[in-house]
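Chemist: Spelled out, the chains give:
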Amino acid sequence: MGAYAYVAPQSVEEVVAILEEHASSGDRAQLLAGGTDLLVQMRTVDREPRTIVDVKKLAETNRLELGGDEIYIGAAIPSAVLFENEELKALLPGLLEASDLIGSTQIQGRATMGGNLCNSSPAGDSIPAMIAVGAICDIGNGSGGRQIPVEDFVTGVGTNVLESGELLLGLKIPRPADNSRDAYLRFIPRTEMDIAVAGAGVSVTIEADGTCSTARVGIGAVAPTALLVPAAADALIGTQLDDDALNAAGEACTAASSPITDKRGTAEYRRKVVAVLCRRAANIAKQRAAGA
Amino acid sequence: MARVHVEATVNGVEQEFLCDPNQSLLDVLRDELGLTGTKEGCATGDCGACSVMLDGRLVCSCLTLGAEIQGQSVETIEGIAGEELHPLQQKFLEHAALQCGICTPGFIVAAKALLEKNPNPDETEIRYWLAGNLCRCTGYDKIIRAVQDAAGELAHPA
Ligand SMILES: Cc1cc2nc3c(=O)[nH]c(=O)nc-3n(C[C@H](O)[C@H](O)[C@H](O)COP(=O)(O)OP(=O)(O)OC[C@H]3O[C@@H](n4cnc5c(N)ncnc54)[C@H](O)[C@@H]3O)c2cc1C
Ligand code: FES
Ligand code: FES
Numbered sequence: 001m002g003a004y005a006y007v008a009p010q011s012v013e014e015v016v017a018i019l020e021e022h023a024s025s026g027d028r029a030q031l032l033a034g035g036t037d038l039l040v041q042m043r044t045v046d047r048e049p050r051t052i053v054d055v056k057k058l059a060e061t062n063r064l065e066l067g068g069d070e071i072y073i074g075a076a077i078p079s080a081v082l083f084e085n086e087e088l089k090a091l092l093p094g095l096l097e098a099s100d101l102i103g104s105t106q107i108q109g110r111a112t113m114g115g116n117l118c119n120s121s122p123a124g125d126s127i128p129a130m131i132a133v134g135a136i137c138d139i140g141n142g143s144g145g146r147q148i149p150v151e152d153f154v155t156g157v158g159t160n161v162l163e164s165g166e167l168l169l170g171l172k173i174p175r176p177a178d179n180s181r182d183a184y185l186r187f188i189p190r191t192e193m194d195i196a197v198a199g200a201g202v203s204v205t206i207e208a209d210g211t212c213s214t215a216r217v218g219i220g221a222v223a224p225t226a227l228l229v230p231a232a233a234d235a236l237i238g239t240q241l242d243d244d245a246l247n248a249a250g251e252a253c254t255a256a257s258s259p260i261t262d263k264r265g266t267a268e269y270r271r272k273v274v275a276v277l278c279r280r281a282a283n284i285a286k287q288r289a290a291g292a
Numbered sequence: 001m002a003r004v005h006v007e008a009t010v011n012g013v014e015q016e017f018l019c020d021p022n023q024s025l026l027d028v029l030r031d032e033l034g035l036t037g038t039k040e041g042c043a044t045g046d047c048g049a050c051s052v053m054l055d056g057r058l059v060c061s062c063l064t065l066g067a068e069i070q071g072q073s074v075e076t077i078e079g080i081a082g083e084e085l086h087p088l089q090q091k092f093l094e095h096a097a098l099q100c101g102i103c104t105p106g107f108i109v110a111a112k113a114l115l116e117k118n119p120n121p122d123e124t125e126i127r128y129w130l131a132g133n134l135c136r137c138t139g140y141d142k143i144i145r146a147v148q149d150a151a152g153e154l155a156h157p158a
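Residue numbers (this note's numbering), protein chains in the order written: chain A, 1 to 292; chain B, 1 to 158.
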């Protein structure tokens with residue numbers, strides 16, 4: 001039975017060393033970003049003492065870079081800070097919309113995309129949006145790190161590929177071309193402060209003649225993990241994103257879903273709604289790509 | 001459990017305290033520093049009664065650890081009035097924008113943050129900004145009117 005402790009290391013090496021020490025001694029350690037999931041869990045479902053390892057003091061997790069080829073979003077940057085970056089919002093409007101949907105103004109001041117992903121809830125709003133823009137997880141560890149696409153990161157409800165001694169440093173996202181943009185929509189029973197019944201993120205590239213030349217579709221809250229839906233993207237690519245194409249993409253999302261029934265909606269309802277969200281998000285992404 | 005030593009600025013005053021590693025900033029403010037103006041409604045991020053400014057950003061003090069604020073600056077409801085009440089406080093009184101009052105410190109801290117960012121918000125902007133502040137008594141309309149009136153007062157002091 002351990003005791004609570006709090007540490008705020010200044011380097012990735014230190015974080016890895018602390019995590020590895022704890023793993024070998026059998027003591028529990030847990031990473032902390034904004035704490036908006038972790039502190040709630042510490043107070044409700046998981047009260048067991050542990051060493052809390054704050055990742056907010058690392059240069060890597062605070063890195064925000066809008067490079068010519070790649071955008072880097074550090075894992076510990078709060079949503080409110082990201083949302084104030086106009087260039088980032090213009091390049092990745094859907095991803096930023098998704099992270100802006102997380103909680104209230106107060107939650108926005110702390111909550112991070114890294115925490116949303118690592119918490120690995122099926123309904124995490126930013127996860128389908130990350131999948132849609134092709135985000136890659138930049139993982140730090142004691143052996144040079146590794147990179148994993150977001151769609152392969154979450155392995156089940158609340159579980160992910162991180163092994164002991166590993167942390168998420170940030171997300172690497174290919175910089176969208178001028179004619180490529182994204183959108184994210186979720187459905188909730190209220191207008192604010194609720195958990196997604198279903199969510200869909202879509203990114204598309206629109207050529208001068210109106211043809212969709214690339215697409216990625218991510219869906220959330222309709223399966224144990226957020227999913228990349230290649231069949232939905234295939235239904236969009238090569239079309240003018242006409243109604244037939246949008247309907248086919250929506251149907252592909254429905255087909256990929258394996259939702260549960262809970263107080264927010266039945267499985268049947270979720271399967272339908274995810275198709276509607278995919279169609280609408282694709283339309284918004286198209287308008288943005290054409291207007292960018 | 002080893003207590004954590006923290007130095008931080010609270011309402012402009014440098015403070016030093018010891019806290020438990022899992023103690024929230026809310027509990028530190030109330031139990032270690034005697035600043036009981038900040039309230040606990042839920043302790044899970046839903047109600048906003050515990051709203052404070054941390055390095056200039058609105059946060060829930062119930063979802064922040066006391067240990068995390070080392071070297072940072074916190075502003076609470078106690079820091080809002082000067083010689084006189086802040087216009088928001090005055091307008092909350094004039095509009096009777098409170099009944100039991102447990103939500104009021106959180107609303108005022110949050111509304112002040114809004115008006116600093118957006119001095120002339122419309123009703124929709126106010127309602128969205130304050131969506132994380134719950135009130136079980138007033139029905140919100142009086143709160144919204146008080147914030148609108150305070151915005152006017154701050155823009156054109158009488
Ligand atoms: C009132 C309220 C409303 C909310 N609304 C929404 C919503 O609408 N949509 C939504 O998706 N979520 C919502 N959430 C959940 C939460 O705010 C988000 O999931 C948020 O993005 C979590 O980020 P964080 O930085 O606070 O994570 P933390 O709580 O710090 O961490 C979450 C988990 O990830 C791990 N972790 C954090 N950082 C790292 C890292 N760098 N490497 C490895 N592991 C790490 C932690 O150990 C923990 O298990 C809400 C929460 C509250 C309290
Ligand atoms: S007490 Fe912090 S949000 Fe309710
Ligand atoms: S005045 Fe009672 S909760 Fe708001």
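Because the hints were derived from the structure by calculation, they are not lab data.
For clarity, every value in this text was computed on a predicted model and none was experimentally measured.
Hints may contain errors.
Now the in silico label distances, taken between C-beta atoms and shown as ranges [said to hold, decoys possible]:
#	chain 1	residue 1	chain 2	residue 2	range
1	A	VAL81	B	GLU78	45 to 55 Å
2	A	PRO224	B	ASN118	36 to 46 Å
3	B	SER73	A	GLU65	19 to 29 Å
4	A	GLU268	B	LEU18	53 to 63 Å
5	B	ARG136	A	ILE195	18 to 28 Å
6	A	SER164	B	HIS5	20 to 30 Å
7	A	GLY158	B	GLU116	33 to 43 Å
8	A	GLU268	B	HIS156	52 to 62 Å
9	B	SER73	A	ASP152	35 to 45 Å
10	A	PRO189	B	GLU7	36 to 46 Å
11	B	MET1	A	ILE195	29 to 39 Å
12	A	PRO149	B	SER73	31 to 41 Å
Capping the alpha-carbon separation at 30 Å, the derived lysine-lysine pairs in DSS-like fashion look like this [unchecked claim]:
#	chain 1	residue 1	chain 2	residue 2
13	B	LYS117	A	LYS89
14	A	LYS57	B	LYS117
15	B	LYS142	B	LYS117
16	A	LYS89	A	LYS56
17	A	LYS56	B	LYS117
Every residue gets a Cβ at the ideal spot worked out from N, C-alpha and C, and that includes glycine.
Chemist: Please test the hint of 29 to 39 Å on the beta carbon pair from B/MET1 and A/ILE195.
Modeler: Roughly 33 Å apart at Cβ, these two residues keep to the hinted range, so it holds.
Chemist: Is 36 to 46 Å respected by the C-beta to C-beta distance linking A/PRO189 and B/GLU7?
Modeler: holds, 45 Å
Chemist: Between B/SER73 and A/ASP152, does the C-beta distance stay in 35 to 45 Å?
Modeler: Since the Cβ atoms of B/SER73 and A/ASP152 sit about 41 Å apart, the hinted range of 35 to 45 Å holds.
Chemist: Given the proposed pairing of A/LYS57 with B/LYS117, does the C-alpha separation stay at or below 30 Å?
Modeler: holds, 26 Å
Chemist: Kindly confirm whether 36 to 46 Å is satisfied by the beta carbon distance between A/PRO224 and B/ASN118.
Modeler: The hinted range 36 to 46 Å holds for A/PRO224 and B/ASN118, with Cβ atoms some 40 Å apart.
Chemist: Given the hint that A/LYS56 pairs with B/LYS117, test it: the Cα-Cα distance must not exceed 30 Å.
Modeler: holds, 25 Å
Chemist: Is 18 to 28 Å respected by the C-beta to C-beta distance linking B/ARG136 and A/ILE195?
Modeler: With a Cβ separation near 22 Å, B/ARG136 and A/ILE195 satisfy 18 to 28 Å, so the hint holds.
Chemist: Using the Cβ atoms, figure out if A/GLU268 sits within 52 to 62 Å of B/HIS156.
Modeler: holds, 56 Å
Chemist: Within 33 to 43 Å: is that where the Cβ-Cβ distance between A/GLY158 and B/GLU116 falls?
Modeler: holds, 38 Å
Chemist: For the range 31 to 41 Å, tell me whether the beta carbons of A/PRO149 and B/SER73 fit it or not.
Modeler: The hint (31 to 41 Å, Cβ to Cβ) holds, given that A/PRO149 and B/SER73 are roughly 39 Å apart.
Chemist: For a C-alpha distance cap of 30 Å, please report whether B/LYS117 and A/LYS89 respect it.
Modeler: Holds, because 18 Å separates the two Cα atoms, which is no more than 30 Å.
Chemist: Could one say that the CB atoms of A/GLU268 and B/LEU18 fall in the range 53 to 63 Å?
Modeler: Hint holds: Cβ distance 55 Å, inside 53 to 63 Å.
Checked against the numbered hints above, the structure violates only hint 1.
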